[in-house]
Amino acid sequence: MNKESLIISYFENNLTAEEELFFDQLMKSDASFAEAVRFQEKTKIALTLEARDKLKSKLQSYEAKHKQRPQIKKWLYVAASIIILIGISMFVFNKQPTHSELYASYFEPYPNTVAPIVRGGENNLDKQEAFVAYENGSYEQAHVLFENLAKDNGEDYVFFYQAMSAMADEKYSEAQDIFTSRTWSEEYVDKVQWYRALNLLHLSKIDESKSILEKIIQSQSYNHKRAAQLLKELS
Amino acid sequence: MKKTKRTVDLLKKEDEKTIRDLYNKYRHGFLLFSNRYGLEQDQSLDIYQDAIIALCENAQKGHLDEMTSSIKTYLFSIGKYMIFAKMREKKRINEFANIEEVEGDWIDYSDERESEDIQILRKSLPKLGEKCQEILNLFYFKEYNLDEITKLMKYDNKNVAKSQKSRCIKQLKDIISSIQNE
Chain A
1 MNKESLIISY
11 FENNLTAEEE
21 LFFDQLMKSD
31 ASFAEAVRFQ
41 EKTKIALTLE
51 ARDKLKSKLQ
61 SYEAKHKQRP
71 QIKKWLYVAA
81 SIIILIGISM
91 FVFNKQPTHS
101 ELYASYFEPY
111 PNTVAPIVRG
121 GENNLDKQEA
131 FVAYENGSYE
141 QAHVLFENLA
151 KDNGEDYVFF
161 YQAMSAMADE
171 KYSEAQDIFT
181 SRTWSEEYVD
191 KVQWYRALNL
201 LHLSKIDESK
211 SILEKIIQSQ
221 SYNHKRAAQL
231 LKELS
Chain B
1001 MKKTKRTVDL
1011 LKKEDEKTIR
1021 DLYNKYRHGF
1031 LLFSNRYGLE
1041 QDQSLDIYQD
1051 AIIALCENAQ
1061 KGHLDEMTSS
1071 IKTYLFSIGK
1081 YMIFAKMREK
1091 KRINEFANIE
1101 EVEGDWIDYS
1111 DERESEDIQI
1121 LRKSLPKLGE
1131 KCQEILNLFY
1141 FKEYNLDEIT
1151 KLMKYDNKNV
1161 AKSQKSRCIK
1171 QLKDIISSIQ
1181 NE
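Chains as they are written, first to last, in the numbering used here: chain A, 1 to 235; chain B, 1001 to 1182.
If we strip away everything but chain A, and leave its shape as in the complex, we get (with noise of 0.2 Å):
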């Protein structure tokens, strides 16, 4: 095989395993050979990169369409909400919203971030299981099996998953004591804090969660928006 041939090849993802090797020794014994596989392969990125460029400025114009549309219809969303809201409140007429009830409207269980779930290649089958559980809902199994792993294992990480699939299972003083029993590392005290505020409102400990929420809130840390709103619902 000549060797504009065996280039060829190599872009049609075709090399056999012996030209393959005869194609790593050019690239670094031939220095024109390398000069010309290297500068279709620029060809190629430069190609892709106009290619997607294009495409980029087409979904871009559909997108600037759908920021132009609440403007159109602005008056009517206006007026829809206004309806319901007279609505709501003759229904809902000095109802508060019971602490359960916020805390159900603003728990949401943090994805996982951890242990993305992958085709093979996880050499942690209990991590893996555990995470599957989590991520598929199976919160009671996810609890168990994270508390399993926590035995052996004391990284932040797995008390964390734990309490949240103790919230999300309803086991509200379990995450409670998940959440005070440890110093927690950088990357989760902030979360930490905002899911214990939330676990507080189950417990009844409202001036408690208040006081994380103010802070959270002075902090700006994570989710100090959301603070900011549950904590004048509270109010």
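Hints were generated in silico from the structure; no laboratory data involved. No residue lacks a Cβ here, since even glycine has one placed at the ideal position from N, Cα and C. Some hints could be false.
[Stated by the list, open to error] Result set (DSSO-like, lysine-lysine): computed pairs, CA atoms no more than 27 Å apart in a straight line:
1) B:Lys1086 - B:Lys1003
2) A:Lys44 - B:Lys1127
3) A:Lys67 - A:Lys56
4) B:Lys1158 - A:Lys54
5) B:Lys1154 - A:Lys56
6) A:Lys58 - B:Lys1173
7) A:Lys56 - A:Lys44
8) A:Lys28 - B:Lys1173
9) B:Lys1012 - A:Lys58
10) A:Lys56 - B:Lys1127
11) B:Lys1162 - A:Lys56
12) A:Lys127 - A:Lys191
13) B:Lys1131 - B:Lys1151
[Claimed, not checked] A short, non-exhaustive set of chain B residues, derived as facing chain A with CB atoms under 7 Å:
14) Thr1018
15) Arg1020
16) Asn1035
17) Tyr1037
18) Gln1041
19) Tyr1109
20) Glu1112
21) Leu1121
22) Arg1122
23) Tyr1140
24) Phe1141
[Stated by the list, open to error] Estimated spans, in silico, between C-beta atoms of each pair:
25) B:Arg1122 - A:Thr180: 50 to 60 Å
26) A:Leu125 - B:Ser1070: 49 to 59 Å
27) A:Ser81 - B:Gly1029: 21 to 31 Å
Got chain A; can you put chain B on it based on the hints?
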């Protein structure tokens, strides 16, 4: 399944209505999805657009021909991969997150934008004749092989396509030299 195949076929043809409809159909769901990761809306939209681009690109390359999942699942999984990459960039993600192992099927070349060679190439490519632009685009970007190009561009045989491609690469080099000598 039939519907997925039909959509993939239309994406291969770069059908504009299909792309626009897809974009609008999953936009809201994707924003809700990425919201869980605490990204700003502008960042989420940027990632969503890149995920749509990856979807179209991989459809064109034939990577989705044997796809068993739905378009939505594919789009969201590639989007999730991009969200993780973004979070890793911002170091907001636990170092345990081994995102290399996630099937991304996408190479992000954004870092290459600054490269001088790439910029000169991007300036030179549009100066090629239409036929050359087409053949290089098919071979390098859409990853068609020479047999497919021969058929598509109605060349007599594979050798014609091969020498045409190599002539186009030579022309491209000439254009670059003339730009560099300006």
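Do the hints match the structure? See the list:
Taking the CA atoms of Lys1086 (chain B) and Lys1003 (chain B), the gap is near 32 Å; set against the 27 Å cutoff, the hint is violated. For the hint linking Lys44 (chain A) to Lys1127 (chain B), the alpha-carbon distance of about 16 Å falls within 27 Å, and the restraint holds. Between Lys67 (chain A) and Lys56 (chain A), the direct Cα distance comes to roughly 16 Å. Compliance with the 27 Å bound is thereby established for this hinted pair. Between Lys1158 (chain B) and Lys54 (chain A) the alpha-carbon distance is near 30 Å, which puts this suggested pair outside the 27 Å criterion.
For the hint linking Lys1154 (chain B) to Lys56 (chain A), the alpha-carbon distance of about 31 Å lies beyond 27 Å, and the restraint is violated. Proposed proximity of Lys58 (chain A) and Lys1173 (chain B) is contradicted: the alpha carbons are some 30 Å apart, above 27 Å. Between the alpha carbons of Lys56 (chain A) and Lys44 (chain A) the distance comes to roughly 18 Å, so the proposed pair stays at or under 27 Å and holds. At most 27 Å may separate the alpha-carbon atoms for a hinted pair to count; Lys28 (chain A) and Lys1173 (chain B) meet this at roughly 23 Å.
With a C-alpha separation of about 16 Å, the suggested pair Lys1012 (chain B) and Lys58 (chain A) falls inside the 27 Å cut-off, and the hint holds. Restraint check for Lys56 (chain A) and Lys1127 (chain B): satisfied, since their Cα atoms lie roughly 22 Å apart, inside the 27 Å limit. The suggested pairing of Lys1162 (chain B) with Lys56 (chain A) is violated, with an alpha-carbon distance near 31 Å, which exceeds 27 Å. As the CA atoms of Lys127 (chain A) and Lys191 (chain A) are separated by approximately 21 Å, the hinted pair is consistent with the 27 Å bound.
About 15 Å separates the Cα atoms of Lys1131 (chain B) and Lys1151 (chain B), which keeps this hinted pair within 27 Å; it holds. Interface restraint check: Thr1018 (chain B) against chain A, minimum CB-CB distance 12 Å, threshold 7 Å, status violated. The closest approach between the C-beta of Arg1020 (chain B) and any C-beta of chain A is roughly 6 Å, which is under the 7 Å cut-off, so the hint is satisfied. For Asn1035 (chain B), the interface hint is violated, since its Cβ never comes within 7 Å of a Cβ in chain A; the closest pair sits about 9 Å apart.
For Tyr1037 (chain B), the suggested interface contact is upheld, since its CB lies about 6 Å from the closest CB of chain A, less than 7 Å. Taking 7 Å as the C-beta cut-off, the interface hint given for Gln1041 (chain B) is violated, the closest approach to chain A being about 11 Å. With a cut of 7 Å, the hint placing Tyr1109 (chain B) at the interface with chain A holds, because the nearest CB-to-CB distance is about 5 Å. For Glu1112 (chain B), the suggested interface contact is upheld, since its CB lies about 5 Å from the closest CB of chain A, less than 7 Å.
With a least beta-carbon distance of about 4 Å to chain A, the hint placing Leu1121 (chain B) at the interface is held under the 7 Å criterion. Interface hint status for Arg1122 (chain B): upheld, as the beta-carbon distance to the closest one in chain A is roughly 5 Å, under 7 Å. Given hint, Tyr1140 (chain B) at the interface with chain A, holds; its Cβ is 4 Å from that chain's nearest Cβ, closer than 7 Å. Given hint, Phe1141 (chain B) at the interface with chain A, holds; its Cβ is 4 Å from that chain's nearest Cβ, closer than 7 Å.
Distance hint for Arg1122 (chain B) and Thr180 (chain A): a CB-CB separation of about 57 Å, consistent with the stated range 50 to 60 Å. Checked against the given bound of 49 to 59 Å, the beta carbons of Leu125 (chain A) and Ser1070 (chain B), roughly 28 Å apart, lie outside it. For Ser81 (chain A) and Gly1029 (chain B), the Cβ-Cβ distance of about 23 Å falls inside the hinted range of 21 to 31 Å, so the restraint holds.
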